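We have chain X already, so just place chain P on it with the hints.
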Amino acid sequence: MTLMSVKGLTKQYPLMSRSEEKGTFLALDHVSFELSAGEVLGILGSNGAGKSTLLKILSRVIRPTSGRAVLRGRVGSLLEVGVGFHPDLTGRENVYLSATILGLKSSEIRRCFDEIVDFSGVEAFLDSPVRVYSSGMYMRLAFAVAAHLQPDILLVDEVLAVGDAEFQKKCLERLRKLGSDGQGVVFVSHNTVAIARLCNRAVLLDHGKLVSEGAVGDVMATYLLGDTACAGERFWASHADAPGDHVARLIRIRVCDGSGETRTNVSVDESFDIDMEFEVFAGDVILFPSVTINNEWGTAVLWSTDSGTPSHGRPRQRGFYCASVRIPGDLLAEGTMTITAAMTSLAPKRDHFSAPDAVRFLVTEGVDGSTSRGVYTDYINAVVRPKLDWSVRYDPACPLLD
Amino acid sequence: MGEVRLESVIDAKGPGLMSQLAEYWEYRGLLWHLVVKELKVRYRQTTLGIVWSLAQPLLPALILGAVFSRSLIGAKGSSVPYALFLLSGLVPWSFLSSAVNSASGAFVSNGYILSKIYFPRAILPAASVVTASVEFVGGCTILIVWVMVAGYAIRLGWMWLPVFFICNALLAFFISIGIASLNVLYRDIRHALPFLLQVWMYATPILYSPLLVPEKWRWLLGLNPMTGIVLGCRSVLFGIPFDIRLGITSACAGGAAAIAGIVIFLRLQHEMAELV
Chain X
4 MTLMSVKGLT KQYPLMSRSE EKGTFLALDH VSFELSAGEV LGILGSNGAG
54 KSTLLKILSR VIRPTSGRAV LRGRVGSLLE VGVGFHPDLT GRENVYLSAT
104 ILGLKSSEIR RCFDEIVDFS GVEAFLDSPV RVYSSGMYMR LAFAVAAHLQ
154 PDILLVDEVL AVGDAEFQKK CLERLRKLGS DGQGVVFVSH NTVAIARLCN
204 RAVLLDHGKL VSEGAVGDVM ATYLLGDTAC AGERFWASHA DAPGDHVARL
254 IRIRVCDGSG ETRTNVSVDE SFDIDMEFEV FAGDVILFPS VTINNEWGTA
304 VLWSTDSGTP SHGRPRQRGF YCASVRIPGD LLAEGTMTIT AAMTSLAPKR
354 DHFSAPDAVR FLVTEGVDGS TSRGVYTDYI NAVVRPKLDW SVRYDPACPL
404 LD
Chain P
741 MGEVRLESVI DAKGPGLMSQ LAEYWEYRGL LWHLVVKELK VRYRQTTLGI
791 VWSLAQPLLP ALILGAVFSR SLIGAKGSSV PYALFLLSGL VPWSFLSSAV
841 NSASGAFVSN GYILSKIYFP RAILPAASVV TASVEFVGGC TILIVWVMVA
891 GYAIRLGWMW LPVFFICNAL LAFFISIGIA SLNVLYRDIR HALPFLLQVW
941 MYATPILYSP LLVPEKWRWL LGLNPMTGIV LGCRSVLFGI PFDIRLGITS
991 ACAGGAAAIA GIVIFLRLQH EMAELV
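Residue numbers (the numbering used here), protein chains in the order written: chain X, 4 to 405; chain P, 741 to 1016.
Next up, chain P with everything else stripped away, as it sits in the complex:
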């Protein structure tokens, strides 16, 4: 047998970062099958199927919109209907929160598979994030339709939307691999996560406009990676002016969160099989 055979080395150090990345490309088919599985399992034997995924951003937007439409925390200084204003923040937010929520348990709930077979580990949370982004498409559609019905014209600036959504997905993924890895070590995280997400939601200008925050404290919003995404979406959809400074600090915060997630994941990925 003269053919060239792929040689792999197993040692304590493990493969380098580049060959790990190459492996993810090799296993892209697995990502696809996991996403299909996730969607099938989630919606099989339901009558409404994927329509349920629309409820997540839509229902809170309608309820909160009805409750708070006349109160002060509305879209101060803009003519956007409050429910629509809410929805424009809730669509990216509910994507992030449902992605992080399901991805954070990806290692623990698939522990059985992790301890029996090797594949690049981050595929599991990636599959949860991709699944969430499929559901996200529905939310986006509702948002866009509503925006157009409300009389906002399609503008060139809308081309920014995919960029924000990709950032949104990447942020969700990198945070998730960190949280999912930590969750293997400290199972408390799974329990604490709903509360943390709740706090994070109120810390994001979804229900309110940043203009409601006193000028002195407004920079604090920039520490939140979701601020840039939510404000960016609103700015291009409704033509609300975009606070560049807030956007840049928020992007930096997102970068820092992503790096933290990657570092945690890289540290823990090889011990996972022994800890789950």
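The shape of chain X in the complex, shown without the other chains:
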């Protein structure tokens, strides 16, 4: 079922210069998309792309210049946490006030009041004015209110930019639950990791235009890797530009799946190939072609060369080579990866070519329980993420102490 359909939404602002109108500026330019029930839609885009404008129009804070959106069901919007909180009112009073501003009825608030307080964990301070709260308590209470809106469509903007890891985790879990309960969520964030985990689908805005729409991995790859020539594949057409010397030259490097299709993004549990095509000009050198995968912090996650192939460790004949290496699933962590392709000979050691960050690709991960993280939603600070065998033995009493 379609919860929301947006057609040709446009928002125009006059460009003012010394209070004279100097042309116009399109904050949104004919944006169209749909949201179905049970879907968590991520909106990606750099600053000024029109994400917040879009959300403000959908939540009716501002009006579009033209175009139309049809929303089915109750709409909850969460453009900021703690809207309507007043520092001099107590926590209890603020819960009521801000929940009413967010569109809850008094009877509904009474019904879920205890739940809100539980979720926030600030019972002890409920009757103190919120100005004495720590900012963490304030945030928790404010989000608790927002989390108990029961909308059919929830619009969320950058809420996760604030708060500590614990808080962000709570937010994410709450949003994910909404999606799985059959409601629709539109989620704007710069936190691409959060988007990748939460969203089924995404749209990418650029200067007010919708430039990409589809599965979250593809859209994210378009966003993070940009239109640069190095997303998923890199090809050097001419000798002059290609990395290399009189011994060997790199022609192409790419990330592809089993069917030979070039990929800009892979799921964390999916295996894929790195193809490296190169040309050898000197027939008597022992060459080691290698790939290094680096993560977004520049850490080299793995290095690999063509060991185990017939040509390994022997002088290579002149000609064209395509070396392919299979990277197994459940090995890399999520994030933006770059591949460095190199060709080295030893004694004396020489790099015939080394193309740092020749290709970029994205590793994405959902939290549906099928990957090595299971249903653990928090950030994992590890370079690799293999799926390991765990066994757990349970005993109601500790057998080590009698």
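Because the hints were derived from the structure by calculation, they are not lab data.
Do not rely on the hints blindly, as some may be mistaken.
Output of the computed footprint for chain X on chain P, the stretches with three or more beta carbons under 8 angstroms from beta carbons of chain X [stated by the list, open to error]:
(1) 747 to 755
(2) 851 to 860
Computed far set for chain X versus chain P, every beta-carbon distance over 12 angstroms [stated by the list, open to error]:
(3) D117
(4) S138
(5) G139
(6) V304
(7) G311
(8) I330
(9) G338
(10) T347
(11) G369
(12) Y382
For clarity, every value in this text was computed on a predicted model and none was experimentally measured.
Where is the CB? At the ideal position from N, CA and C, for every residue including glycine.
Coordinates of chain P only, in the frame set by chain X:
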């Protein structure tokens, strides 16, 4: 999921007037909570609390009453003690002026909320007016008690008082939504407002009786929507004869002011979030 879902359309035109009105009914709970918040915030950590709201009509009435009691501008042609005469005008007036004063800043001072969340906009000034009317109850009580102490009997005509007070509140509300909306565009209004209210007060027969105004110019008082309310209150409280012609023109002026306020508000309400 087979249940009927409410469908809302967002476009450049916006919803019609009827669905906007229906929305105000939906959001009545918000009005209540805003009023409670306003009162709590205003009087929390004060010792006298809401008693302060009595000072606004009472103190000027006592001071001006003492100063002018022997002068000419008193209640010419009536036996009403001057301080009481003043209070009967100051109670409705101070309600209007405090309501307009606080409501006119309602959009600008809540700009942060306006730009983050949608709700029917006029609720904000409405909350200020309702808050002022809670304080107004105190002023009314003092007035009524004084009137009875002064020896005026309760008459059937007093039933008109709630009507005048409702008109007073509606006038305050409709003027406020206009002024508050304009204030978003022209912040000067907030600064000019105290002076305008001062002028308006002297243009209203509060300190004087309309009989003091030369007959030739008396119709001018009818252009002031507050004239009808102040004279009406006095007429029913003290049995002073009511100038019907003045009352009707004043009511028309009130209607015109209300329409102007509504029109300004309707024109500006959707741009507010981008201007505050």
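Each hint, compared with the structure:
With 7 residues having a Cβ less than 8 angstroms from any Cβ of chain X, the stretch 747 to 755 of chain P passes the three-residue criterion, so the hint holds. Requiring three or more residues with a Cβ within less than 8 angstroms of a Cβ of chain X, the coverage given for the stretch 851 to 860 of chain P holds, as 8 such residues are present. With a least beta-carbon separation of about 19 angstroms from chain P, X/D117 lies farther than 12 angstroms from that chain, consistent with its non-interface assignment. With a least CB separation of 17 angstroms from chain P, X/S138 remains clear of the 12 angstroms interface cut-off, as annotated.
With a least beta-carbon separation of about 21 angstroms from chain P, X/G139 lies farther than 12 angstroms from that chain, consistent with its non-interface assignment. In this structure X/V304 is separated from chain P by more than 12 angstroms, as the shortest Cβ-Cβ distance comes to about 42 angstroms. No Cβ of chain P comes within 12 angstroms of the Cβ of X/G311; the nearest lies about 56 angstroms off, and the non-interface call holds. The beta carbon of X/I330 sits about 42 angstroms from the closest Cβ of chain P, which is more than 12 angstroms, so the claim that it is off the interface holds.
Against chain P, the non-interface label of X/G338 holds: every CB pair exceeds 12 angstroms, the least being about 32 angstroms. The beta carbon of X/T347 is kept farther than 12 angstroms from every beta carbon of chain P, the shortest such distance being approximately 57 angstroms. Distance check on X/G369: its Cβ is at least 24 angstroms (rounded) from any Cβ of chain P, clearing the 12 angstroms threshold; non-interface status holds. Distance check on X/Y382: its Cβ is at least 28 angstroms (rounded) from any Cβ of chain P, clearing the 12 angstroms threshold; non-interface status holds.
Of the numbered hints listed earlier, not one is contradicted by the structure.
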